[in-house]
Amino acid sequence: MDAIWLIPALPVAGFLLLVVAGRKLGDPAAGWVATLAVAGSFVVSAAVFLHLLGLPAEERNVTVTLWQWLPAGSFQVSFGLFFDQLSGVMCLFITGIGALIHLYAVGYMKGDPHYSRFFVYLNLFVASMLLLVLGDNLLMTFLGWEGVGACSYLLISFWFTDPANASAGKKAFVTNRIGDLGFMLATFLLFVSLGTVNYTEINAAAPKLAGVTATAVALLFFLAATGKSAQLPLFVWLPDAMAGPTPVSALIHAATMVTSGVFLLTRLSGVMAEAGWANGLIAWVGVLTALVAAGAGVAQNDIKKVLAYSTVSQLGFMFLAVGTQNYVGAIFHMITHAFFKALLFLGAGAVIYSMAHEQDMRRYGNLRKYLPVTFVTMGIGWLAISGIPPFSGFWSKDEVLAGAFNAGPAGPVLWFLGITAAVLTAFYMTRLMIMTFFGGAEHWRTDAAESLPEGGADEDAELSVAGHDTGHGAHSDDAGHDHHHLTPDHTPREAPVTMLLPLVVLAGLAVVGGLMNLPFSHRLENLAIWIEPVLAGEHELPGAAVLWVLAILATAGAVLGVWFSYRVYQQHKVAPEKVEKPVLAHAWYIDETYAKVVGGPGEASFDAVAEFDQKVVDGAVNGVGSGTRWIGRALRPLQPGFVRSYALGVAVGSVLVLAFVVTRMSL
Amino acid sequence: MTGFVAVLAATEDIPTPDVDWSAIAPNLILMLGGILLLTVVSVVRGRLPGWFHAVWTISVATAAIVAVVPLWQRVQDSGPESVLAGALVLDGFSLVVTATICVSVILAALLLEAYLRRERLGGPEWYVLMLLSASGGVTMATANDLVVVFIGLEILSVAVYVLAAMHRRRVSSQEAGLKYFVLGAFSSAFLLYGIALTYGATGSTNLSRIQAFLADTVITQNALLLGGLAFMLVGFGFKVAVVPFHNWKPDVYQGSPTPVTAFMATAVTAAAFAALLRVYVTTFGPTYRTEWQPLVAALTVLTLVVGAFLAISQTNVKRMLAYSSINHAGFVLLGVLAASAAGDAATLFYLVAYTFMAAGSFAVVAVVGRRGDGHHDLSDYQGLSRSRPGLALVFTILLLSQAGVPLTAGFLAKFYVLAAAVESGYTWLAVLAMLTAVVSAFMYLRIVVTMYFAEPEGEPRRPRIPAAAGLAMGLCVVGVLVIGIVPGPLSDVANDAVSQLVAVGR
Chain A
1 MDAIWLIPAL PVAGFLLLVV AGRKLGDPAA GWVATLAVAG SFVVSAAVFL HLLGLPAEER
61 NVTVTLWQWL PAGSFQVSFG LFFDQLSGVM CLFITGIGAL IHLYAVGYMK GDPHYSRFFV
121 YLNLFVASML LLVLGDNLLM TFLGWEGVGA CSYLLISFWF TDPANASAGK KAFVTNRIGD
181 LGFMLATFLL FVSLGTVNYT EINAAAPKLA GVTATAVALL FFLAATGKSA QLPLFVWLPD
241 AMAGPTPVSA LIHAATMVTS GVFLLTRLSG VMAEAGWANG LIAWVGVLTA LVAAGAGVAQ
301 NDIKKVLAYS TVSQLGFMFL AVGTQNYVGA IFHMITHAFF KALLFLGAGA VIYSMAHEQD
361 MRRYGNLRKY LPVTFVTMGI GWLAISGIPP FSGFWSKDEV LAGAFNAGPA GPVLWFLGIT
421 AAVLTAFYMT RLMIMTFFGG AEHWRTDAAE SLPEGGADED AELSVAGHDT GHGAHSDDAG
481 HDHHHLTPDH TPREAPVTML LPLVVLAGLA VVGGLMNLPF SHRLENLAIW IEPVLAGEHE
541 LPGAAVLWVL AILATAGAVL GVWFSYRVYQ QHKVAPEKVE KPVLAHAWYI DETYAKVVGG
601 PGEASFDAVA EFDQKVVDGA VNGVGSGTRW IGRALRPLQP GFVRSYALGV AVGSVLVLAF
661 VVTRMSL
Chain B
1001 MTGFVAVLAA TEDIPTPDVD WSAIAPNLIL MLGGILLLTV VSVVRGRLPG WFHAVWTISV
1061 ATAAIVAVVP LWQRVQDSGP ESVLAGALVL DGFSLVVTAT ICVSVILAAL LLEAYLRRER
1121 LGGPEWYVLM LLSASGGVTM ATANDLVVVF IGLEILSVAV YVLAAMHRRR VSSQEAGLKY
1181 FVLGAFSSAF LLYGIALTYG ATGSTNLSRI QAFLADTVIT QNALLLGGLA FMLVGFGFKV
1241 AVVPFHNWKP DVYQGSPTPV TAFMATAVTA AAFAALLRVY VTTFGPTYRT EWQPLVAALT
1301 VLTLVVGAFL AISQTNVKRM LAYSSINHAG FVLLGVLAAS AAGDAATLFY LVAYTFMAAG
1361 SFAVVAVVGR RGDGHHDLSD YQGLSRSRPG LALVFTILLL SQAGVPLTAG FLAKFYVLAA
1421 AVESGYTWLA VLAMLTAVVS AFMYLRIVVT MYFAEPEGEP RRPRIPAAAG LAMGLCVVGV
1481 LVIGIVPGPL SDVANDAVSQ LVAVGR
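Protein chains in written order, with the working numbering: chain A, 1 to 667; chain B, 1001 to 1506.
None of these hints come from the bench; they were simulated from the model.
Yeah, the Cβ is synthetic: ideal placement off N, Cα and C, and Gly gets one too.
One thing to keep in mind: the hints can contain errors.
Stated by the list, open to error - Chain B regions said to be covered by chain A (calculated; three or more residues, Cβ under 8 Å):
hint	segment
1	1062-1070
2	1113-1125
3	1192-1204
4	1413-1422
Stated by the list, open to error - Selected chain B positions facing chain A (in silico; Cβ < 7 Å):
hint	residue
5	1050
6	1051
7	1217
8	1221
9	1223
10	1244
11	1245
12	1247
13	1295
14	1481
15	1493
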């Protein structure tokens, strides 16, 4: 079973091949090569997984050390891969969904001038993501962590051709780097206190950690996770990241990369078990993120932005599960979310594709007539994410919320906030479905683009100080494509079969995904049985009776959300303006606040520092210089002005150094 | 009169020290190689092809590296020893720094060959000066006496002052040379005064004697010694461009001919840090560490922060790299500050890794600068990924390494110094260093993004890549990646080299 090195190696090979020969292969051969590389990696993952399935629980892992990266001595790190129950599950869904999304992109990116380069990045991304989950130590994970971040950053900046919006890439970079800092510090802290960065050794030695250290490590890793997984307060980059092509949104910014924070904390469950109140904080941040982002999702008009906020919100659910030490629930929800969110994004992509790259839902309507396959598959995704039984989302969300309900005295409050977010989810997803596929009127025929009120995030453009990405920027999605404008006589047509096939497969998965872990008897909790041996930490689901009540309440909540949305958008009983408050459209003004702080005082102080060296230091030095003209006069023949001030800079520095020393002297 | 006679009489009694020629072979090879080159070209005037000087220089530097190998073996077998009556020391540390300086001579010579041809400049003097300067650097690295440190520093510096001003058609080059000279002389005075004060306090300039003296005599809060340490720190701090003694660096790096900048960034930095480490950590470290550590910590903070923050506000790539080298100096200083075996090894590792990163980066800058060595603006890098994909890739790898991305030399270099600092209790400083690394990463990525994503105004230019410069870049990229992926050998060498630094002066 040493073949696990093939799992990351195949996408790497695809990446290298495309770097060298991508342009020659062209469209669509380059896309097929990339797809095959990822599919091959899926086959290997599945084979290893099946092999492990036949082994007893404690033997279900494979370690392959490719080479000794950092050598012997006090600090040893191997370039090792570790395929166990957890990383195996991750590999399966990364490569599986990855292959489907690659296949979809073969059709979606057709005709793009940067066709082969797109697949270069996509393969590099999959390889990095696999390294992230397969690494047997923190440094390997960090390598993948940086790799996926770089791919995401490059893909965002690459397709953000509008220079005014180039700051979206910058924003993703800055927030992610803040997170990376947490990762590095936590790694250091663990290394200093345990002398190792290997996961198995860390989890084994974690009980020896001092409580404070464990808490600090957990908080720092959580900081890393808030950056990568778009949680409060660092979530602002993700909605902007939707500027990239839709397959990228589906793969990187919905299904895989953004879940790596959840994976990291689950991988380190041994440390988390010792981390005390940090867990509670994680749960609270998670549930608040779920709520805040779901609220923002209610008032977006760009179809991809709705899904983006929805992703942030669903990630919040996963962190709620992690914080309540319900790792099985977190992973369960991560997988089902990957199914239905990839499905929804790809479906949205198919809609955008057939609507001449229009992303404003106010210009859709009645599309079910034209796009039956997209409609049915997206409909399944909608039921799944809204939490309607028996679709997959119901089971996983229920497990997360039930786990939260049982988590100490604050549990019921967490549960209530979570269920509120779930109701909002059902509401905004129903809104999306109605605006897109129902409503009778075919708005692109009646409303000219200019006549639309600039609602939602487009208002108050002057607030967008540091380039807050407004709706205009997102319209430039997939800038490479031919932009024939959406005209009144446009007739939407279904996307090609390479795009529809992944939709159908994902829709199937979104229906049956719940079978992985049914709560009716322990025998049916396959995922829990599979994964629990590698997890530390105690959590217990409530008893059967409470579980039934919670499930019924959750279902009722979902139905309520759907019904209310139906009242507003289909029956028009309530004016949408009453629901779509500006504060929601602006995502609670969090982004604008950052822009004001960073762009205003932050940028000003930054410029001030830059000028400080050139003007103030030199100026002060020149001021001193005017007092001591004779030096200046002596040096002027050499180099008027500058050498004098530099020499005085050195002199002033020396005086400071001496002054410091004098404080330590006894004369 | 009688006094004079007495002096005369005394001279006869001055013992001439035993000279262990093999122990100083690398230094001799460099120095004689330079002098011989000057002799040969003045004898066979004008009949030598242009590449001869470069090949000669590279051969000399290679020979010096070859001469290091048996010495390394000797040190490994029988331990460190002092030679020339205790003036120099032969230990693993000095040998590794010697080899590093020679490597940077080779890389700079490769760059210089194509550069001189392109700029229509000529003459062997460039190479002669570089070899002599390297010899001074080796002297600094092997010095076991403060006076020898000073002599080495002057040999190193005077040659570099001239080199900086050698591009006779560029005013900025002459300005750079002059600035560097005036300020350098200024800071040398500080160093010398510091040495004098230290002599006054300890009664010797010999490092092993100072160390022994301090071990026997407790003289904390001694004004003379503290003053000496402070003044010497100013002198060394100037050479490695520690803030607030850094302000010459952007101007000089930007103005100097680019291959010379590459040499300064690598050889001069390595030699100066080697001397700094030997004086502060090895000599004053065991007994006097707590006296200078707070001071160096303060300078480290300034250096890290100023280097990172001022780099991002630049638009001239050569100047950006100059500021970023200040940030790098802050990281190396972190290794010095640790004042432990791990810190020494980390410092050495960083210096070697930085040699490849900096030489390679400046090689790219030299090529993109085109004739006149003036096209260093960020906009000159627009569209480079299309006109010169290989060059853009090389620069990307080198910049990522400078930013400290895993699997490159820069990551491990940073990692080791941070680990050493944390081990010595400077966790807060390590955190700050990481923050500044985040800030400067932004600057490196800005260049990368410009190369790959910015639309050039008009047709992107296709700079010519001469074979020698291409070879230098190739070596640097290979070096950066090999150190990043298989760091074992280098880190073993660094650890072996450092453990022996302590025992000097038999």
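Hint by hint, here is what the structure shows:
| no. | hint | result |
| --- | --- | --- |
| 1 | 1062-1070 | violated (count 0) |
| 2 | 1113-1125 | violated (count 0) |
| 3 | 1192-1204 | violated (count 0) |
| 4 | 1413-1422 | holds (count 3) |
| 5 | 1050 | violated (33 Å) |
| 6 | 1051 | violated (33 Å) |
| 7 | 1217 | violated (16 Å) |
| 8 | 1221 | holds (4 Å) |
| 9 | 1223 | holds (5 Å) |
| 10 | 1244 | holds (4 Å) |
| 11 | 1245 | holds (5 Å) |
| 12 | 1247 | holds (5 Å) |
| 13 | 1295 | holds (6 Å) |
| 14 | 1481 | violated (13 Å) |
| 15 | 1493 | violated (11 Å) |
Consistency note: the structure conflicts with the earlier hints numbered 1, 2, 3, 5, 6, 7, 14, 15.
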